[in-house]
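Visitor: Listed here are the chains, written in short residue letters.
Number of protein chains: 2
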Amino acid sequence: MSGENETNGAERLCDSLIAQGVDTCFANPGTSEMHFVGALDRRPEMRCVLGLFEGVVTGAADGYARMADKPAATLLHTGPGLANGLANLHNAKRARTPLINVVGDHATYHLKYEAPLASDIDSLARPMSNWLGRASHPDKVAAQAAEAWQAAVSTPGVATLVLPADIAWGRAEPGPIVPLERIAPKRPDEGRVRAVAREMEKPGRTVLLIGGRAVREGPLALIAAIAEKTGADFVAETFNARIERGAGRVPVAKLPYPVDDAVAHLAGAERLVLIDARPPVGFFAYPDKPSLLHDPAASLHGLVEADEDLGEALALLAEFLGVEARRADAGAAPAVARPEAADLPRGPLDAQATCAIVAALLPENAIVCDESVSAGGTFFPASHVSPRHDYLQITGGSIGIGLPLGAGAAVACPDRRVVCLQADGSAMYTIQALWTQARERLDVTTVILSNRRYAILEHEMRNVGIRDYGENARRMLRFDDPALDWLALARGHGVEAARAETGAALADLLRTANSRKGPFLIEAVI
Amino acid sequence: MSGENETNGAERLCDSLIAQGVDTCFANPGTSEMHFVGALDRRPEMRCVLGLFEGVVTGAADGYARMADKPAATLLHTGPGLANGLANLHNAKRARTPLINVVGDHATYHLKYEAPLASDIDSLARPMSNWLGRASHPDKVAAQAAEAWQAAVSTPGVATLVLPADIAWGRAEPGPIVPLERIAPKRPDEGRVRAVAREMEKPGRTVLLIGGRAVREGPLALIAAIAEKTGADFVAETFNARIERGAGRVPVAKLPYPVDDAVAHLAGAERLVLIDARPPVGFFAYPDKPSLLHDPAASLHGLVEADEDLGEALALLAEFLGVEARRADAGAAPAVARPEAADLPRGPLDAQATCAIVAALLPENAIVCDESVSAGGTFFPASHVSPRHDYLQITGGSIGIGLPLGAGAAVACPDRRVVCLQADGSAMYTIQALWTQARERLDVTTVILSNRRYAILEHEMRNVGIRDYGENARRMLRFDDPALDWLALARGHGVEAARAETGAALADLLRTANSRKGPFLIEAVI
Numbered sequence: 001m002s003g004e005n006e007t008n009g010a011e012r013l014c015d016s017l018i019a020q021g022v023d024t025c026f027a028n029p030g031t032s033e034m035h036f037v038g039a040l041d042r043r044p045e046m047r048c049v050l051g052l053f054e055g056v057v058t059g060a061a062d063g064y065a066r067m068a069d070k071p072a073a074t075l076l077h078t079g080p081g082l083a084n085g086l087a088n089l090h091n092a093k094r095a096r097t098p099l100i101n102v103v104g105d106h107a108t109y110h111l112k113y114e115a116p117l118a119s120d121i122d123s124l125a126r127p128m129s130n131w132l133g134r135a136s137h138p139d140k141v142a143a144q145a146a147e148a149w150q151a152a153v154s155t156p157g158v159a160t161l162v163l164p165a166d167i168a169w170g171r172a173e174p175g176p177i178v179p180l181e182r183i184a185p186k187r188p189d190e191g192r193v194r195a196v197a198r199e200m201e202k203p204g205r206t207v208l209l210i211g212g213r214a215v216r217e218g219p220l221a222l223i224a225a226i227a228e229k230t231g232a233d234f235v236a237e238t239f240n241a242r243i244e245r246g247a248g249r250v251p252v253a254k255l256p257y258p259v260d261d262a263v264a265h266l267a268g269a270e271r272l273v274l275i276d277a278r279p280p281v282g283f284f285a286y287p288d289k290p291s292l293l294h295d296p297a298a299s300l301h302g303l304v305e306a307d308e309d310l311g312e313a314l315a316l317l318a319e320f321l322g323v324e325a326r327r328a329d330a331g332a333a334p335a336v337a338r339p340e341a342a343d344l345p346r347g348p349l350d351a352q353a354t355c356a357i358v359a360a361l362l363p364e365n366a367i368v369c370d371e372s373v374s375a376g377g378t379f380f381p382a383s384h385v386s387p388r389h390d391y392l393q394i395t396g397g398s399i400g401i402g403l404p405l406g407a408g409a410a411v412a413c414p415d416r417r418v419v420c421l422q423a424d425g426s427a428m429y430t431i432q433a434l435w436t437q438a439r440e441r442l443d444v445t446t447v448i449l450s451n452r453r454y455a456i457l458e459h460e461m462r463n464v465g466i467r468d469y470g471e472n473a474r475r476m477l478r479f480d481d482p483a484l485d486w487l488a489l490a491r492g493h494g495v496e497a498a499r500a501e502t503g504a505a506l507a508d509l510l511r512t513a514n515s516r517k518g519p520f521l522i523e524a525v526i
Numbered sequence: 001m002s003g004e005n006e007t008n009g010a011e012r013l014c015d016s017l018i019a020q021g022v023d024t025c026f027a028n029p030g031t032s033e034m035h036f037v038g039a040l041d042r043r044p045e046m047r048c049v050l051g052l053f054e055g056v057v058t059g060a061a062d063g064y065a066r067m068a069d070k071p072a073a074t075l076l077h078t079g080p081g082l083a084n085g086l087a088n089l090h091n092a093k094r095a096r097t098p099l100i101n102v103v104g105d106h107a108t109y110h111l112k113y114e115a116p117l118a119s120d121i122d123s124l125a126r127p128m129s130n131w132l133g134r135a136s137h138p139d140k141v142a143a144q145a146a147e148a149w150q151a152a153v154s155t156p157g158v159a160t161l162v163l164p165a166d167i168a169w170g171r172a173e174p175g176p177i178v179p180l181e182r183i184a185p186k187r188p189d190e191g192r193v194r195a196v197a198r199e200m201e202k203p204g205r206t207v208l209l210i211g212g213r214a215v216r217e218g219p220l221a222l223i224a225a226i227a228e229k230t231g232a233d234f235v236a237e238t239f240n241a242r243i244e245r246g247a248g249r250v251p252v253a254k255l256p257y258p259v260d261d262a263v264a265h266l267a268g269a270e271r272l273v274l275i276d277a278r279p280p281v282g283f284f285a286y287p288d289k290p291s292l293l294h295d296p297a298a299s300l301h302g303l304v305e306a307d308e309d310l311g312e313a314l315a316l317l318a319e320f321l322g323v324e325a326r327r328a329d330a331g332a333a334p335a336v337a338r339p340e341a342a343d344l345p346r347g348p349l350d351a352q353a354t355c356a357i358v359a360a361l362l363p364e365n366a367i368v369c370d371e372s373v374s375a376g377g378t379f380f381p382a383s384h385v386s387p388r389h390d391y392l393q394i395t396g397g398s399i400g401i402g403l404p405l406g407a408g409a410a411v412a413c414p415d416r417r418v419v420c421l422q423a424d425g426s427a428m429y430t431i432q433a434l435w436t437q438a439r440e441r442l443d444v445t446t447v448i449l450s451n452r453r454y455a456i457l458e459h460e461m462r463n464v465g466i467r468d469y470g471e472n473a474r475r476m477l478r479f480d481d482p483a484l485d486w487l488a489l490a491r492g493h494g495v496e497a498a499r500a501e502t503g504a505a506l507a508d509l510l511r512t513a514n515s516r517k518g519p520f521l522i523e524a525v526i
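Chains as they are written, first to last, in my numbering: chain S, 1 to 526; chain H, 1 to 526.
Just to be clear, a hint being listed does not mean it is correct.
One side of the interface only, derived from the structure: several residues of chain H facing chain S at Cβ under 10 angstroms [stated by the list, open to error]:
1) K112
2) W131
3) G282
4) A285
5) M461
6) A488
7) V495
The following residues of chain H were derived to be distant from chain S, with all beta-carbon distances above 10 angstroms [said to hold, decoys possible]:
8) D120
9) E199
10) E305
With a straight-line Cα cutoff of 30 angstroms, these simulated DSS-like cross-link-like pairs (lysine-lysine) come out [said to hold, decoys possible]:
11) H/K112 <-> H/K140
12) H/K112 <-> S/K289
13) S/K229 <-> S/K254
14) S/K254 <-> H/K112
15) S/K202 <-> S/K229
16) S/K186 <-> S/K229
17) S/K186 <-> H/K229
18) S/K112 <-> H/K140
19) S/K254 <-> S/K70
20) S/K140 <-> H/K70
21) H/K140 <-> S/K289
22) S/K186 <-> S/K202
23) H/K186 <-> H/K229
24) H/K229 <-> S/K112
25) H/K202 <-> H/K186
26) H/K202 <-> H/K229
27) H/K202 <-> H/K140
28) S/K70 <-> S/K186
29) S/K517 <-> S/K70
30) S/K140 <-> S/K112
31) S/K254 <-> S/K289
These are computed hints drawn from the structure, not numbers from a lab.
For every residue, glycine included, the Cβ atom is placed at its ideal position computed from N, Cα and C.
Next up, chain S with everything else stripped away, as it sits in the complex (with noise of 0.2 angstroms):
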């Protein structure tokens, strides 16, 4: 079916992927899917990585693409298939994760029949998906693709183009593909930008929330020169997609998880100004306490839309306050002298110390990829001071997503250690990941925070008012009986893994794990 003038549709998807420089596909394939498996096949510059469940094979494209700054595709096999991967799609549109879906459907003549496997795709696909299409025609199929490519990278966000079989598999006229650019931002309204200045100049306290694109080295940079010249602070949102940080760059502290500490944080501040961020809510609401986190009084300014120009934007607030561009790394962290090996923990262990030795023993431009929920609240604030790092969290509450996060930035980055800090409820819904990083011999260090209970859900019973319970609900709250066998978990799907259950061991765990290659789990009993 490629002879030198035969060609179908799924070449044709193929080969338009390609010319818009996507060069990974994360794939969990299916029946329907088989002749763009072929096509992926006859195109070598296409990296295929297999994920054994489709939470995985989307995590890891959200991961890839954190990192890549470029989107990654994936290949799912219709709607269930979908279904199993839209979790992590949820964090993925919440992070602003460019990113395509591939997703497998009936041929179009066979729908009708609703056979065993059909679902309503669309109705599956429309809650996580910024741009979602349908492949029509053959002919049709590589426009589509760069229109999806185009609306995953300039929105940026998820684009899910369905695929049918017999779009898949039908002839296609050969020719050129012709890609499509990326939608360039837009100029920022320079009055809008001009009004925020004179907000800030006014008297009372100012807090700059940021978040999105502005928690990256160079707007950082600026924001802090900024808060520094007018006296406004400056706080990261809870979640983040990706925060360029360590030694050398600027801290930025992030707004708590709980919602009377981010009142707290918030409170006194007479306005906002949202970077990139949205107005702060919270988590979940709680009876008696508000779902809006700043003072009610307060006034809320937004510096920047989400189609506009962020780098101007700061520019001309920078330029409006009379913030000196040369100052623009007055924020950087000074060259702290980390804490010394002798100076860590050494005995048994607990989620502090774990954290305090991880961010202590973080290798030199490493990816930390964070979803240790309620155990490693310390390990922010103890790695303002780590060498240089990216770090990166779930974004939409949606669990499951470290281990594939993890996978998918190393395969993005493979001169750099990823180090995923990991609690043991979450990792368990995409344990999967873990035969993933083997298959590839990824550089990553996962760091199993293992408590054997959702500690967050035994918090929040306390802060719903429920105190005393009994065993139907530890029955829910705690998976002790059994114990997870973290060693076995990780040699099951092909990972190399130790058991540390006091500092000193973890420490020399982590300084053997993060110097070698491939992946290596410690489970740090605490």
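We have chain S; now place chain H onto it with these hints.
Guide: Structure of chain H alone, referenced to chain S:
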């Protein structure tokens, strides 16, 4: 909150489910469901079964209901938690399994802020739900839960009730719970049944295609008697929720999965009578193969609508055809001696030998969960003469149901042995079900057909004409590098396991596994 005259929406929901006879809840809770967890905790008569991933929860609820013939509840956390459970809900919907999902959502007043975990739950739920509702007031939630139950058992199918957090925690008026009744099936249309009888008396081959409720013991016996009297053939649909079979029962063949084989099976039939079955359609479409499996000239005749009484319809048909009631056991399998242990294959294993051995050593009154995909095709014919057993299949093609299905069936039938015949690739989608088997000490024997590849996809590549393929395709179709270590995977989840590479070893392990308490996993290396 549960003082003498105080109650809340969550407790009303829980009490309503209990009043309807629902006493099992498969759960993976999150923060927005803490009040429901609290309510369950105060109702020890509700058995709560934790799954570490939502696909386990929904698949187990499916297995439970297929065996208990009544629904369990599930507890799922917001849109992403539901999304993780959708693949197996798809199977449940296709199996027409009664099932009640309780999906927690944000408090109603919090939704408008689009907190990070907010998503369009209705859009996600609709494709895999037969009934969808949203709890609207603490005083109404008991009635709404009863409605969900009624829909689940009457359709039968999947009912999804979204429970916003403030409806759960909101104070409700105490008072009696008013249960609803199942909507009784209608009397079948006598004229339609008579017309079917007349058709069957005409010359030419008739095939009775049977499914749903018709593959249980009683209907099967009557169908066999009707077939014997009229000379018609009968065959079950390819995928069935629950076939009652084994020694002393009517053996029924299944319509083959491959399109060509299915077409051959139905070739020459001038008419098909659909008995709780759907028109036969290919699982997938293929280039140059038909979508419909029967002869285009054949006529199709439905015997019974989904909301009609199947038993009455069959009795009427028998009456019209002059089939004597006492002949109803005419087609029962003769008491064929099973193969002696000495006759079983003892050498290196392959798929066929594994199936033969599992069938030969099936314990009395077992429940077989078959997700063997490509490797298990010979199990079904080999087990016609096995002791009486129930045979549960994947129904919607959404792989990853086998291990959860087995867990749920074992919860429903604690005095029976469950035997899961499980493909390795499919097992990985919901591998966490092993932990639930261990936690609940379920009597499940899992036989992993370990061939380290998606063999069905290798076959499908050939099916669509792709014979020679290279590294990219191979890396998406095989997972032999690294090979999964099944013994470690099982132990990691708290399940004992052993490996069999010969028939003799498999037989020894099966005898031990099937006679012990609790779960055991056998890797059959094929």
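Visitor: So, for every hint listed, does it hold in this structure?
Guide: Results of checking the hints against the structure:
Checking H/K112 against chain S by beta carbon gives a least distance of about 9 angstroms; that is within 10 angstroms, so the hint holds. Restraint check, H/W131 versus chain S: the minimum CB separation of about 16 angstroms is more than 10 angstroms; hint violated. Of the supplied interface hints, the one on H/G282 holds, with its beta-carbon coming within about 7 angstroms of a beta-carbon of chain S, less than 10 angstroms. Taking 10 angstroms as the C-beta contact cut-off toward chain S, the hint placing H/A285 at the interface holds, the least distance being around 4 angstroms.
Hint on H/M461 holds. Least Cβ distance to chain S is approximately 5 angstroms, under the 10 angstroms limit. Taken as an interface hint, H/A488 checks out: its beta carbon lies about 4 angstroms from the nearest beta carbon of chain S, inside 10 angstroms. Interface hint at H/V495: satisfied, since its Cβ lies 9 angstroms from the closest Cβ of chain S, which is below the 10 angstroms cut-off. Non-interface status of H/D120 relative to chain S is broken: a Cβ of that chain comes within 10 angstroms, the nearest being about 4 angstroms off.
Every CB of chain S is more than 10 angstroms from the CB of H/E199 (nearest about 23 angstroms), matching its label as outside the interface. Consistency note on H/E305: stated as away from chain S, and its beta-carbon is indeed over 10 angstroms from all of that chain's, at 16 angstroms minimum. A hinted pair counts as satisfied when its Cα atoms are at most 30 angstroms apart, and H/K112 with H/K140 qualifies at roughly 23 angstroms. Restraint check for H/K112 and S/K289: the C-alpha separation of about 16 angstroms stays at or below 30 angstroms, so the hint holds.
Straight-line distance between C-alpha atoms of S/K229 and S/K254 comes to about 21 angstroms, which keeps the hinted pair within the 30 angstroms bound. Only pairs whose Cα atoms come within 30 angstroms are accepted, and S/K254 paired with H/K112 is accepted, the gap being roughly 23 angstroms. Between the alpha carbons of S/K202 and S/K229 the distance comes to roughly 13 angstroms, so the proposed pair stays at or under 30 angstroms and holds. At most 30 angstroms may separate the alpha-carbon atoms for a hinted pair to count; S/K186 and S/K229 meet this at roughly 27 angstroms.
Annotation: proposed proximity of S/K186 to H/K229 is violated, straight-line Cα distance about 78 angstroms (limit 30 angstroms). With a CA separation close to 38 angstroms, the supplied pair S/K112 and H/K140 exceeds the 30 angstroms bound. Note on S/K254 and S/K70: the hinted pairing holds, with a Cα-Cα distance of about 26 angstroms set against a maximum of 30 angstroms. Using a Cα cut-off of 30 angstroms, the hinted pair S/K140 and H/K70 is violated, with the two alpha carbons roughly 49 angstroms apart.
Note on H/K140 and S/K289: the hinted pairing holds, with a Cα-Cα distance of about 25 angstroms set against a maximum of 30 angstroms. Taken as a hint, the S/K186 and S/K202 pair is honoured in the structure, with Cα atoms around 28 angstroms apart against an allowance of 30 angstroms. Of the pairs offered as hints, the one joining H/K186 and H/K229 holds, with about 27 angstroms between alpha carbons and a cut-off of 30 angstroms not exceeded. Of the pairs offered as hints, the one joining H/K229 and S/K112 is violated, with about 36 angstroms between alpha carbons and a cut-off of 30 angstroms exceeded.
Between H/K202 and H/K186 the alpha-carbon distance is near 28 angstroms, which keeps this suggested pair within the 30 angstroms criterion. For the proposed pair H/K202 and H/K229, the alpha carbon gap of about 13 angstroms is at most 30 angstroms, so the pair holds. For a cut-off of 30 angstroms, the pair hint linking H/K202 to H/K140 is broken: about 56 angstroms separates their Cα positions. Under the criterion of a C-alpha separation no larger than 30 angstroms, the hint pairing S/K70 with S/K186 is consistent with the structure, at around 19 angstroms.
At most 30 angstroms may separate the alpha-carbon atoms for a hinted pair to count; S/K517 and S/K70 meet this at roughly 25 angstroms. Annotation: proposed proximity of S/K140 to S/K112 holds, straight-line Cα distance about 23 angstroms (limit 30 angstroms). A C-alpha spacing of about 20 angstroms is found between S/K254 and S/K289, which places the hinted pair at or below 30 angstroms, so the restraint holds.
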